[in-house]
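Protein chains: 2
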Amino acid sequence: MGGRRIQEDIQRLKKSATMLSGSSESARNALLRSIREGLSRDWALIKEANSLDITEARESQLSDALIKRLVFDEDKLASVQLGLSQVATLKDPIGEVLERRLLDEGLLLERVSFPIGVIGMIFEARPDALVQIVSLCLKSGNGIILKGGKEAFRTNSALVASIKRSARSSPLGEEWVTLLESHSDVSSMLKMDDAIDLLIPRGSNAFVRYVMDNTHIAVLGHADGICHMYVDESADLQKAVACAVDAKTQYPAACNAIETLLVHKSVAEEFIPLVAAALSGKGVSIHGDEATASLIFCTPFKEGDYLMEYLALELNIRIVQDIEEAMEHIASYGSRHTDAIISEDKSAIRRFMRDVDSADVFANCSTRFADGFRFGLGAEVGISTAKIHARGPVGLSGLMSSKWLLSGSGQTVSTYSGPEAKAFLHTELDTEGQSVIAGDAK
Amino acid sequence: MGGRRIQEDIQRLKKSATMLSGSSESARNALLRSIREGLSRDWALIKEANSLDITEARESQLSDALIKRLVFDEDKLASVQLGLSQVATLKDPIGEVLERRLLDEGLLLERVSFPIGVIGMIFEARPDALVQIVSLCLKSGNGIILKGGKEAFRTNSALVASIKRSARSSPLGEEWVTLLESHSDVSSMLKMDDAIDLLIPRGSNAFVRYVMDNTHIAVLGHADGICHMYVDESADLQKAVACAVDAKTQYPAACNAIETLLVHKSVAEEFIPLVAAALSGKGVSIHGDEATASLIFCTPFKEGDYLMEYLALELNIRIVQDIEEAMEHIASYGSRHTDAIISEDKSAIRRFMRDVDSADVFANCSTRFADGFRFGLGAEVGISTAKIHARGPVGLSGLMSSKWLLSGSGQTVSTYSGPEAKAFLHTELDTEGQSVIAGDAK
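Same order as they appear, the protein sequences are chains A and B.
Here the numbering used here is used: the first residue of the first sequence is 1, the next is one more, and so on.
Here the numbering used here is used: the first residue of the second sequence is 1, the next is one more, and so on.
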């Protein structure tokens with residue numbers, strides 16, 4: 001595909017995205033369902049493409065972990081089809097009235113949710129992520145430009161071909177989605193400032209960091225997940241053991257698993273042997289600071305441990321003087337993702353929740369709750385550690401922008417200016433009910 | 001000020017910003033009031049600094065327009081002092097509960113508004129903009145790094161010195177605000193990715209465009225303001241004349257003034273002479289396409305006119321075949337700032353408001369209403385044409401992020417996972433009332 005061909009595709013995609021943003025909820029949901037059915041219709045082709053990708057990956061001696069993520073089998077198919085059905089049942093994110101204010105009689109202001117425009121999705125290996133993000137973009141009325149890893153190119157192409165085949169017979173058409181060729185590089189996508197409104201990278205920390213550092217386009221995501229749990233002097237130690245074990249071992253490869261346990265000095269002697277026994281039972285190896293090492297058997301702490309995202313059954317334990325030292329540790333070493341306090345002291349909890357500047361700040365529960373589905377967001381677009389646009393687990397709302405709609409009857413600003421200026425009413429109105437743009441438009 | 005000194009200042013500023021984010025509403029409002037009084041206390045010093053800047057500007061033969069913007073006299077003082085009082089009366093933007101959901105009994109999730117962190121403000125000439133943005137950052141609990149034009153350096157330094165003098169005796173201290181030296185260049189500020197969470201440039205279009213194109217930091221603002229008014233076939237032509245005249249002439253230098261009037265062919269013959277007469281009466285010179293030139297006396301249209309932001313009493317008029325052609329013109333030439341339709345046809349209005357992808361889309365009123373004060377936002381941080389974070393006129397909410405607070409009683413994710421998983425409740429709760437972090441914290 002040459003540069004001009006890509007440019008033309010993207011022009012059509014932008015136009016198609018505009019059409020999608022104004023399309024009816026029923027048309028978008030119907031297409032989600034027909035994409036689901038289309039994947040069954042085209043299953044033989046997808047399966048064939050996937051086995052070619054896997055054969056080549058084996059020949060190229062790619063790692064087993066990567067090959068596992070590359071597999072798109074009947075289980076993955078069933079899972080993405082279930083996802084498509086669920087996304088179809090979510091509430092329509094377009095046209096929600098976010099603010100409504102009567103500026104004056106006959107001059108009504110509304111701020112209404114509206115798709116961002118064009119999402120750029122760059123992902124490593126996993127073809128199931130492709131179907132998931134396409135479904136979320138379609139639901140939310142956004143166009144999408146996809147760029148997958150070259151090891152999955154045949155599978156991704158077969159999936160996009162199937163999606164486009166289903167879309168072609170829909171009133172929404174097929175041009176709102178495009179897959180960039182395998183040989184076009186990621187760096188060219190990072191320069192598509194004019195075409196892409198928001199980038200969503202999915203892959204390793206290093207990959208996400210590379211994307212963030214090499215584009216002027218807004219990025220939704222997170223690189224590191226260095227999460228902490230602080231066990232306060234007033235903690236219920238049984239709760240603390242249960243939460244720490246869950247936060248480390250329930251799924252250690254997750255970004256919201258803890259890497260360091262901070263323990264108040266006044267409970268250290270009682271708590272650390274307890275938690276160490278529970279963690280050892282789950283196979284966790286502990287890196288302890290000097291004070292911890294005097295209480296339990298552990299690997300001695302070494303420089304750099306507090307900056308490690310182990311993503312494995314390894315955990316740092318550090319004894320701190322007080323809540324200040326715990327919060328300073330989190331500010332210095334954390335990645336502002338998810339941090340928790342275990343405490344029975346309401347005042348300490350308030351302080352920790354107020355002063356720890358992370359996307360998710362928890363009290364008396366596991367950090368593993370930081371997740372779009374557990375949070376009840378319906379779907380998860382990603383977890384963002386940025387403070388602009390969307391922060392923490394992000395649902396469909398992360399794919400939405402808004403616009404201001406002002407409906408008048410001939411009003412001019414000169415009426416509200418100068419020495420005889422008429423005053424504005426600025427009456428806040430209920431945001432229930434449909435916006436002024438709901439209903440048929442010719 | 002050397003590089004190390006700046007780094008140290010910024011470290012202290014980030015720490016101070018964290019303290020500010022957790023400070024009480026009353027402490028922030030008290031400091032706003034004492035800054036207001038402090039400006040009177042230090043007026044002699046500020047006035048002296050400003051006259052030195054103005055003398056030097058005259059000697060350097062800077063333009064009268066620039067010198068006018070540089071002046072900080074008793075009127076400007078009164079105006080920024082009034083602004084400080086008003087900002088003190090605004091509702092506290094910190095700690096508002098944006099979402100509240102019971103995940104399960106005893107497991108409460110809240111999303112709470114929280115300051116972004118550190119705002120970087122880069123502005124040309126106007127010293128009054130400095131006081132305004134400092135007041136908005138203080139109110140919203142954000143630290144601020146300021147960089148003004150070198151022609152205003154003495155005035156800006158005197159203003160910041162006064163603000164810091166007032167802050168020093170407050171419990172909030174003075175370290176949350178810093179002014180970069182005149183010789184430190186803008187480009188070094190644009191690289192402060194680690195220190196600055198959001199950049200707000202204030203100045204010419206070219207300046208804002210330069211900032212947007214040369215930083216990885218999120219930018220709140222807009223470069224061009226190429227706004228349109230479309231007069232539909234069903235328009236009330238009296239309303240159309242009044243709105244067009246207001247939109248062009250009420251303040252032609254504003255970003256939300258119109259540059260092009262699009263007129264449906266079926267009303268052109270009646271409307272164009274009417275509006276031309278009214279506009280001529282206000283001194284507007286018209287650039288007309290060929291069809292318009294056959295109806296009225298005007299400057300013939302030339303290539304590039306549709307991309308001009310005149311910021312003056314000049315206006316393009318183009319006759320279009322239908323609403324589609326009008327919307328295509330806006331999509332091709334507009335800057336997605338503010339566009340309006342004049343029409344009595346509800347279906348056409350809905351379509352225009354739905355399909356025009358601009359920050360503000362208006363019906364039957366002047367584009368000049370696109371403004372934070374007119375919109376009732378209380379204060380205006382800026383107008384953004386980006387679709388990420390904040391769009392259109394932006395109030396204090398544009399300086400806010402949010403964080404997720406989850407309060408439990410020892411819950412672990414393992415309870416809600418696997419074959420015997422407990423189901424989540426996900427009960428939506430009212431967002432009225434204070435968040436779990438309100439109240440005293442030790």
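It is worth saying that the hints were derived from the structure and are not from the lab.
There could be a bad hint or two in this list.
Pairs count within a copy or across copies, as identical chains cannot be separated in the list.
Stated by the list, open to error - The calculated EDC-like cross-link candidates involving lysine to aspartate or glutamate, where the alpha carbons are at most 20 Å apart (straight line), are:
| hint | residue 1 | residue 2 |
| --- | --- | --- |
| 1 | 164 | 9 |
| 2 | 265 | 420 |
| 3 | 265 | 233 |
| 4 | 76 | 428 |
| 5 | 150 | 432 |
| 6 | 265 | 328 |
| 7 | 15 | 42 |
| 8 | 68 | 48 |
| 9 | 15 | 75 |
| 10 | 15 | 174 |
| 11 | 76 | 59 |
| 12 | 265 | 128 |
| 13 | 15 | 269 |
| 14 | 14 | 37 |
| 15 | 191 | 213 |
| 16 | 15 | 25 |
| 17 | 282 | 73 |
| 18 | 47 | 324 |
| 19 | 47 | 371 |
| 20 | 14 | 48 |
| 21 | 15 | 322 |
| 22 | 47 | 432 |
| 23 | 191 | 181 |
| 24 | 76 | 25 |
Cross-check of the supplied hints:
1. 164 <-> 9: within (14 Å within a copy, 55 Å between copies)
2. 265 <-> 420: neither (68 Å within a copy, 37 Å between copies)
3. 265 <-> 233: within (7 Å within a copy, 77 Å between copies)
4. 76 <-> 428: Intra 48 Å, inter 31 Å, cutoff 20 Å: neither.
5. 150 <-> 432: neither (47 Å within a copy, 50 Å between copies)
6. 265 <-> 328: within (15 Å within a copy, 67 Å between copies)
7. 15 <-> 42: So residue 15 and residue 42 fail the 20 Å test inside a copy (28 Å) and across (57 Å) alike.
8. 68 <-> 48: Within. Shortest intra-copy distance 16 Å satisfies the 20 Å Cα cut-off; inter-copy 72 Å does not.
9. 15 <-> 75: Neither: 36 Å inside a copy, 49 Å across copies.
10. 15 <-> 174: Within one copy only: 12 Å inside a chain, 50 Å across chains, cut-off 20 Å.
11. 76 <-> 59: Neither. Shortest intra-copy (23 Å) and inter-copy (74 Å) distances fail the 20 Å Cα cut-off.
12. 265 <-> 128: neither (46 Å within a copy, 51 Å between copies)
13. 15 <-> 269: For residue 15 and residue 269, the Cα distance exceeds 20 Å both inside one copy (65 Å) and across copies (32 Å).
14. 14 <-> 37: neither (26 Å within a copy, 53 Å between copies)
15. 191 <-> 213: Close inside one copy (12 Å) and across copies (11 Å); limit 20 Å.
16. 15 <-> 25: within (19 Å within a copy, 47 Å between copies)
17. 282 <-> 73: Result: close neither inside a copy nor across copies, 31 Å intra and 71 Å inter.
18. 47 <-> 324: neither (55 Å within a copy, 44 Å between copies)
19. 47 <-> 371: Classified as neither: same-chain Cα gap 31 Å, cross-chain 55 Å, threshold 20 Å.
20. 14 <-> 48: Cα proximity of residue 14 and residue 48: none, with 32 Å in one copy and 55 Å across.
21. 15 <-> 322: Answer is between; shortest inter-copy Cα gap is 18 Å, intra-copy 57 Å.
22. 47 <-> 432: Classified as neither: same-chain Cα gap 47 Å, cross-chain 52 Å, threshold 20 Å.
23. 191 <-> 181: Close inside one copy (16 Å), not across copies (33 Å); limit 20 Å.
24. 76 <-> 25: neither (27 Å within a copy, 51 Å between copies)
Going down the numbered hints, you'll see the structure goes against 2, 4, 5, 7, 9, 11, 12, 13, 14, 17, 18, 19, 20, 22 and 24, while the others check out.
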